[in-house]
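*Asks:* Following the hints, complete the assembly by docking chain B onto the known chain A.
Chains A and B are the protein sequences, given in the same order. Note that numbering that gives the first Met the number 0 has the first sequence beginning at 0, numbered continuously upward. Note that numbering that gives the first Met the number 0 has the second sequence beginning at 0, numbered continuously upward.
It is possible that some hints are incorrect.
Pairs count within a copy or across copies, as identical chains cannot be separated in the list.
Under the rule of at most 20 Å between Cα atoms (straight-line distance), these lysine to aspartate or glutamate pairs were calculated in the DMTMM-like manner [claimed, not checked]:
(1) Lys29 - Glu46
(2) Lys86 - Asp8
(3) Lys3 - Asp66
(4) Lys104 - Glu38
(5) Lys3 - Asp64
(6) Lys3 - Asp106
(7) Lys86 - Asp27
(8) Lys29 - Glu90
(9) Lys86 - Glu68
(10) Lys86 - Asp64
Treat the hints as calculated values from the structure; they're not laboratory data.
There are 2 protein chains.
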Amino acid sequence: MDTKVNLTDELARFTEQWSPHVVGRLNDYKLVVVKVQGEFVWHTHGETDELFVVLRGRVTIQLRDRDVELAEGELFVVPRGVEHCPKAEREAHVLLIEPANTAQKGDAAQ
Amino acid sequence: MDTKVNLTDELARFTEQWSPHVVGRLNDYKLVVVKVQGEFVWHTHGETDELFVVLRGRVTIQLRDRDVELAEGELFVVPRGVEHCPKAEREAHVLLIEPANTAQKGDAAQ
Chain A
0 MDTKVNLTDE
10 LARFTEQWSP
20 HVVGRLNDYK
30 LVVVKVQGEF
40 VWHTHGETDE
50 LFVVLRGRVT
60 IQLRDRDVEL
70 AEGELFVVPR
80 GVEHCPKAER
90 EAHVLLIEPA
100 NTAQKGDAAQ
Chain B
0 MDTKVNLTDE
10 LARFTEQWSP
20 HVVGRLNDYK
30 LVVVKVQGEF
40 VWHTHGETDE
50 LFVVLRGRVT
60 IQLRDRDVEL
70 AEGELFVVPR
80 GVEHCPKAER
90 EAHVLLIEPA
100 NTAQKGDAAQ
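Just chain A, same shape as in the assembly:
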């Protein structure tokens, strides 16, 4: 990829929720945009941290001991090995950055 990415434009290309779209690469990491609403599944990435940047709306990263409430312009790194489950009451847009080989549901069934 040697062109710039407009995140709003990329998000306008699809409507499916929980469907990650790769918009770029940073070394062996993928840059992903995703639309989320409702609750995902509890899962863990044993081998990597995972960066969530909220681009639009509000997202809650549920951890087993607390909730992390993210608004637009806020980010959170889920540490490797920490079980989590994202949720959003209304549709929200997220930029995810993680190694390219990271499975969306981690240790949970795909």
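*Replies:* Chain B only, in chain A's frame:
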């Protein structure tokens, strides 16, 4: 780091330009916010790509063969080994992501 980061709040903590502030880590990568205005120096990172996400304002990533004009909500990955020089006419705010050991000026004098 196990707390969320509000990018606007982090940027409000300092006024210096071209002074990278680390706000988080993603595995062995650093998450950095920086205020830019004017022109930086031409340099190259021989070992890594470098991600620029414009949070506020407009930034031009000058490459030797073209300029990449970035507005708010746009990102660009400078490929490893590609000489570049960021500039901004007015103060702009950027999120940078790159390996933690990456030197700000790459191969140029520190």
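*Asks:* Taking the hints in turn, state whether each one holds.
*Replies:* Tested hints:
Proximity of Lys29 and Glu46 under a CA criterion of 20 Å is satisfied in both settings, with 15 Å inside one chain copy and 17 Å between copies. In this homomeric assembly, Lys86 and Asp8 never come within 20 Å of each other (Cα to Cα): the closest approach is 23 Å inside a single copy and 24 Å across copies. Within a single copy, Lys3 and Asp66 get their C-alpha atoms only as close as 34 Å, which misses the 20 Å cut-off; across copies the closest is 11 Å, which meets it. For the homomeric pair Lys104 and Glu38, the shortest alpha-carbon distance inside one copy (13 Å) is at most 20 Å, but the shortest distance between copies (43 Å) is not.
Only between protomers do Lys3 and Asp64 lie at most 20 Å apart by alpha-carbon distance; the minimum there is 15 Å, versus 39 Å within a single protomer. In this assembly of identical chains, Lys3 and Asp106 lie within 20 Å of each other by CA distance neither inside one copy nor across copies; the values are 33 Å within and 24 Å between. Taking the closest pair of Cα atoms, Lys86 and Asp27 never come within 20 Å of each other, the shortest separation being 27 Å inside a single copy and 27 Å across copies. Neither within a single protomer nor between protomers do Lys29 and Glu90 lie at most 20 Å apart by alpha-carbon distance, with minima of 22 Å and 29 Å respectively.
In the homo-oligomer, the alpha carbons of Lys86 and Glu68 lie at most 20 Å apart inside one protomer (10 Å), although the nearest pairing across protomers, at 34 Å, exceeds that limit. In this homomeric assembly, Lys86 and Asp64 come within 20 Å of each other (Cα to Cα) only inside a single copy, at 15 Å, whereas the closest approach across copies is 44 Å.
Of the numbered hints listed earlier, those contradicted by the structure are 2, 6, 7, 8.
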